[in-house]
Amino acid sequence: DAGVIQSPRHEVTEMGQEVTLRCKPISGHNSLFWYRQTMMRGLELLIYFNNNVPIDDSGMPEDRFSAKMPNASFSTLKIQPSEPRDSAVYFCASSLRGTEQYFGPGTRLTVT
Amino acid sequence: QQQVKQSPQSLIVQKGGISIINCAYENTAFDYFPWYQQFPGKGPALLIAIRPDVSEKKEGRFTISFNKSAKQFSLHIMDSQPGDSATYFCAASQGVTNAGKSTFGDGTTLTVKP
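Listed in order, the protein sequences are those of chains W and A. For the first sequence, the tail end lands on 112 under my numbering, and the numbers increase by one without skipping. For the second sequence, the tail end lands on 114 under my numbering, and the numbers increase by one without skipping.
Please note that the accuracy of each hint is not assured.
What the hints assert, rightly or not - Now the stretches of chain W that chain A is said to cover, found in silico as 3 or more residues with beta-carbon under 8 Å: (1) 50-60; (2) 69-78.
Stated by the list, open to error - In the BS3-like style, the derived pairs of lysine-lysine whose C-alpha atoms are separated by at most 30 Å in a straight line are: (3) K57(A) - K68(A); (4) K113(A) - K42(A); (5) K68(W) - K42(A); (6) K113(A) - K68(A); (7) K42(A) - K5(A); (8) K58(A) - K15(A); (9) K42(A) - K24(W); (10) K5(A) - K58(A); (11) K42(A) - K78(W).
Stated by the list, open to error - One side only, chain W facing chain A, incomplete, derived with CB under 8 Å: (12) G28; (13) S31; (14) A88; (15) F91; (16) S95; (17) T99; (18) E100; (19) Q101; (20) G104; (21) P105.
If you are wondering where the hints come from, they were derived from the structure by calculation, not from laboratory data. Quick reminder that beta carbons are idealized off the backbone N, C-alpha and C, glycines included.
The task is simple: from the sequences and hints, build the whole structure.
In structure tokens form, the structure reads like this:
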């Protein structure tokens with residue numbers, strides 16, 4: 001298996017622009033997680049899905065952030081409008097049977 | 001109650017030494033305790049995990065010690081090598097009950113000096 005796939009790997013955008021991050025989980029996994037990692041705040045869980053249904057979005061920082069999972073093999077995290085403080089590495093992870101999580105390589109987002 | 005407290009924040013060990021990282025939790029409903037290893041520029045990757053029905057699990061040079069009554073668990077890296085230099089995260093989850101949602105510690109940056 002190719003593992004969790006994220007795109008793009010790097011994104012540089014200007015403040016106010018819309019940013020869409022994409023994730024393809026490992027085939028057969030039924031849970032998907034979006035994390036944000038920064039030096040200051042560490043690894044933060046933003047939202048997670050189980051069987052394509054959002055279970056807990058309490059970690060989403062504000063209404064500018066939204067996430068969807070239209071099917072079992074694809075999820076997006078959207079930031080609109082983006083701000084410099086959104087600059088971070090965003091990870092997607094998937095899990096089967098509620099045990100270990102498999103992380104993707106991450107998307108490094110820079111908002112100028 | 002959902003916090004997992006990890007210490008130390010950073011650790012420097014000589015090659016061949018033992019690295020020890022500690023974590024403590026509050027929620028007694030947690031039933032799965034993984035450790036993740038993260039190298040710069042990469043995503044965290046599962047290193048070793050334990051369930052609370054055992055007090056110790058060993059895989060190669062890596063050992064988890066688990067103390068259920070104290071609600072603490074620790075990672076021991078024996079014969080530490082420069083290639084072990086990475087950031088280590090402990091985590092705790094309620095497994096299937098919570099669809100695998102994990103609460104992560106803040107991470108420990110390990111540097112192994114040659």
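Comparing the hints with the structure gives:
Under a criterion of three residues with beta carbons nearer than 8 Å to beta carbons of chain A, the stated coverage of the segment 50-60 of chain W is upheld, 3 such residues being counted. Check on the segment 69-78 of chain W: 0 of its residues sit with their Cβ under 8 Å from a Cβ of chain A, so the three-residue criterion for coverage is violated. Of the supplied pair hints, the one linking K57(A) and K68(A) holds, its CA atoms being roughly 14 Å apart against a limit of 30 Å. At roughly 21 Å between alpha-carbon atoms, K113(A) and K42(A) fall within 30 Å of each other, so this suggested pair holds.
Taken as a hint, the K68(W) and K42(A) pair is honoured in the structure, with Cα atoms around 24 Å apart against an allowance of 30 Å. A hinted pair counts as satisfied when its Cα atoms are at most 30 Å apart, and K113(A) with K68(A) does not qualify at roughly 33 Å. Using a Cα cut-off of 30 Å, the hinted pair K42(A) and K5(A) holds, with the two alpha carbons roughly 23 Å apart. Of the pairs offered as hints, the one joining K58(A) and K15(A) holds, with about 20 Å between alpha carbons and a cut-off of 30 Å not exceeded.
Of the pairs offered as hints, the one joining K42(A) and K24(W) holds, with about 17 Å between alpha carbons and a cut-off of 30 Å not exceeded. Simply put, K5(A) and K58(A) have alpha-carbon atoms about 22 Å apart, close enough for the 30 Å limit, and the pair holds. Distance hint between K42(A) and K78(W) is fulfilled; the C-alpha atoms sit about 22 Å from each other, no more than 30 Å. Among the interface hints, the one on G28(W) is violated; its C-beta lies about 14 Å from the nearest C-beta in chain A, farther than the 8 Å criterion.
Hint on S31(W) holds. Least Cβ distance to chain A is approximately 5 Å, under the 8 Å limit. Hint status for A88(W) relative to chain A: violated, with the closest Cβ pair at about 13 Å, above 8 Å. Given the 8 Å rule on beta carbons, the hint for F91(W) holds: about 5 Å separates it from the nearest Cβ of chain A. Of the supplied interface hints, the one on S95(W) holds, with its beta-carbon coming within about 4 Å of a beta-carbon of chain A, less than 8 Å.
Residue-level restraint check for T99(W) holds (minimum Cβ-Cβ distance to chain A is 6 Å; threshold 8 Å). Interface hint status for E100(W): upheld, as the beta-carbon distance to the closest one in chain A is roughly 4 Å, under 8 Å. About 6 Å separates the beta-carbon of Q101(W) from the nearest beta-carbon of chain A, less than 8 Å, and the hint is met. Below 8 Å, beta-carbon pairs count as interface contacts, and G104(W) has one with chain A at about 6 Å; its hint therefore holds.
At about 6 Å, the closest approach between the beta carbon of P105(W) and any beta carbon in chain A falls short of 8 Å, and the interface hint on this residue holds.
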